[in-house]
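J.: Residue numbers (this note's numbering), protein chains in the order written: chain U, 1 to 267; chain R, 1 to 250.
Some hints could be false.
As the list claims (entries may be wrong) - In silico lysine-lysine, DSSO-like type, Cα no more than 30 angstroms apart, as pairs:
id	chain 1	residue 1	chain 2	residue 2
1	U	K82	R	K37
2	U	K73	U	K182
3	R	K183	U	K83
Said to hold, decoys possible - Beyond 10 angstroms from chain R on every Cβ pair, some chain U residues (computed):
id	residue
4	G31
5	R32
6	Q59
7	K82
8	L131
9	H135
10	T203
11	S216
Unchecked claim - Computed spacing ranges between beta-carbons, pair by pair:
id	chain 1	residue 1	chain 2	residue 2	range
12	R	K20	U	S116	34 to 40 angstroms
13	U	S116	R	L11	16 to 22 angstroms
14	R	V30	U	D96	16 to 22 angstroms
15	R	G33	U	L72	54 to 60 angstroms
16	R	L18	U	M263	48 to 54 angstroms
17	R	F32	U	L113	50 to 56 angstroms
18	U	L137	R	I25	45 to 51 angstroms
It should be emphasised that the hints constitute simulated quantities derived from the structure, not laboratory data.
We treat Cβ as the ideally placed atom computed from N, Cα and C, and that holds for glycine.
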Amino acid sequence: MAQPLVQIRNLHFARGDKIIFDGVDMDIQAGRITAVMGPSGTGKTTLLKLIGGQLIPDQGEIIVDGQNVHRLKRADLYRLRKKMGMLFQSGALLTDLSVFENIAYPLREHTNLSDSMIRSMVLIKLQAVGLSTAHGLMPSELSGGMARRVALARALALDPMMIMYDEPFTGQDPISLGVLVKLIRDTNHALKLTSILVSHDVTETLSIADDVTIISEGKLVAHGTRDEIMHSESPWVRQFVDGEADGPVPFHYPGDSIEHQLMQEVK
Amino acid sequence: MIHPVNSLTRLGRGTLFLLKVLAGIPQLFVRFGLVTKQMYSVGVQTLLIILVAGLFVGMVLALQLHYTLSTFGAEDTLGLLVDLALVRELGPVVAALLFAGRAGSALTAEIGLMKATEQLSGLEMMAVDPVERIIAPRFLAGFLSLPLLAAIFSAVGILGGYMVGVDFLGVDSGAFWSQIQAKVDFYDDVMNGVIKSIVFGFIVSWIAVFEGYDCLPTSEGVASATTRTVVNSSLAVLGMDFVLTAIMFN
Ligand SMILES: Nc1ncnc2c1ncn2[C@@H]1O[C@H](COP(=O)(O)OP(=O)(O)OP(=O)(O)O)[C@@H](O)[C@H]1O
Ligand SMILES: [Mg+2]
C-alpha cells in the first residue's frame, strides 16, 4: 500500500486535567474516505483541529503529506492548509459576505485570478453542490443543509488534496442527508480526494466510508476497512455499530455512581 | 472575582495579542478598503449619539458656567470656558465613554460571535490569518475614528454653548468668539486634547478586540465579554485621563 496521507503517531492531548487523547496511532490512506466515529465529547472535532494544526499536541506527531504539521513554520503551515479543506460542524460561513463572496474568498486571498475567472470558478463549485441559483443569498438566508453545501463548495474552491468533514449529517432532514451523503462520496471519487469524515450517524457513515476508526476515552478502539468493522466480533465495535446504549463504551459521563450520590444525599 | 494571578496572565495575553495585531497593521496599507469599511460602520453606529450628547453637554456647560460667571460679571469669558472644558477634558473623555459603550461593545460582540460560530477557525483553515484580516482592520478603524469623533463632539458642544449662552442668556456674540480666539492655545489645549483622544482610542479598541478574541466561544461567553469591554474600557479611560492630565498640565 502507498504511503498514508496522514500519519498520527503516539498522540497525546489534554485540555486542563481532562485527557482527550492518550496515545493514539492512526493512518489515513490517500484517495479513500476514512470515517472517525466515537461517542460525543471523545474529541473528534479536537482530532480534526490537531490535524489542521490549530491545536498543538502535548506529545506525539501528526504527519500530513510527508510534513510534520506541528514542526512547520507559519508560512509552510499555511501552504499546507491550502491543500486541506475543512467543513466545520456549523458551516462557519462568513456572515457578512454573500454566498458568492464566501466561496470567492479563498480564491481572492490566495490566487491572482481575474474577476471573471473567479466568477466562473465560484459558479462551477456552486453547481457541483447543486446550489447554482443561491449565489446572491446571505448565509442567514440559508437552511442548515444549504449552509453546509455552500461550506463544502468553499472548502473545494482551492482544489485541496483532502477534506475533513465535521459531523456533516447532524440535524439534516432525510432528503438533504441523502444529498450530502451522495455529494461527499461523489466529490471524493470525482476529484480523487482523501476524506476524513467525523460522524456518529452509523448507517450513513458506513454506507460511504472505505475505512472506519472508532475512538473512545482517548484510545483507538478499532480500525479497519468497512467490511472488517461491520463484521467485527469485538464487543466495543458491536456496541457502536448496533447502537446499544450501554456496553463496554460507557454511556454515562465518568464519575461518582448515581447510587453513591443518592446515598450521600440521604446522609 | 478578581484574582491577581489571573489578571496578570490576562494582561500578558492581551499584550502579546496587541503585538500580533500591531504586526498586522502594515499589511493594511495595501488593503485600506478593509479599514475604511470598518470606519464607516463605527461612524454609522456612533455619529448620532456623539452629535446629540455633544450638543447637550455644551448647552448644560453654558447654563452652569453662566450662573457662576454672572455673579462676578464675567459672562464674556463664557465662550472660553466652554471651549476649554470641551477641548481639554469633556470632548475626549465623554466621546471615549460613548464610543466604548456603543462601538466597543459591538466590536467585542461581533468578534466573539465570529469565534463562537467557528468563523475565525474557518479562516485559519483557509490559510487566512484572522488577526490580520479581521482584528487588525477593526482595531485600526477604532483607533482612527475616536479622535475624529471627539473633535466632532467638541465642535458641536461649542455650538450648543453658543446657542444657550448667546441666544438665550444674552452673552455678546463677539466676546464669545474673540475670547476663544485670544486665549486658547493650539498646542497646550487643542493638541493635548487630541493626544488624549488618540490614547483613549488605542485603549478602547485594544480592550474591545481582545475581549472578543479571548472570550469563551459560547453565548454566555460573548455576553460577559461585551460587559467586560464596557466596564474595563470606561475605567481605563477615566484612569488614563487622570494620568495624562497630571502630566500635561503640570
Ligand atoms: N475550547 C475548549 N476548552 C476546553 N475544553 C474543550 C474545548 N473544546 C472542547 N473541549 C472539551 O474537549 C472534549 C472533546 O471535545 P470535541 O469537541 O473534540 O468532542 P467531539 O468528539 O467533537 O464531540 P461532539 O460529537 O459532541 O461534537 C470535550 O469533553 C470538551 O468538553
Ligand atoms: Mg465535534
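J.: Now tell me, hint by hint, if it's right for this structure.
T.: Hint-by-hint comparison with the structure:
no.: 1; hint: U:K82 x R:K37; verdict: 27 angstroms, holds
no.: 2; hint: U:K73 x U:K182; verdict: 37 angstroms, violated
no.: 3; hint: R:K183 x U:K83; verdict: 66 angstroms, violated
no.: 4; hint: G31; verdict: 21 angstroms, holds
no.: 5; hint: R32; verdict: 21 angstroms, holds
no.: 6; hint: Q59; verdict: 23 angstroms, holds
no.: 7; hint: K82; verdict: 5 angstroms, violated
no.: 8; hint: L131; verdict: 18 angstroms, holds
no.: 9; hint: H135; verdict: 19 angstroms, holds
no.: 10; hint: T203; verdict: 26 angstroms, holds
no.: 11; hint: S216; verdict: 24 angstroms, holds
no.: 12; hint: R:K20 x U:S116: 34 to 40 angstroms; verdict: 36 angstroms, holds
no.: 13; hint: U:S116 x R:L11: 16 to 22 angstroms; verdict: 50 angstroms, violated
no.: 14; hint: R:V30 x U:D96: 16 to 22 angstroms; verdict: 21 angstroms, holds
no.: 15; hint: R:G33 x U:L72: 54 to 60 angstroms; verdict: 31 angstroms, violated
no.: 16; hint: R:L18 x U:M263: 48 to 54 angstroms; verdict: 53 angstroms, holds
no.: 17; hint: R:F32 x U:L113: 50 to 56 angstroms; verdict: 22 angstroms, violated
no.: 18; hint: U:L137 x R:I25: 45 to 51 angstroms; verdict: 34 angstroms, violated
Of the numbered hints listed earlier, those contradicted by the structure are 2, 3, 7, 13, 15, 17, 18.
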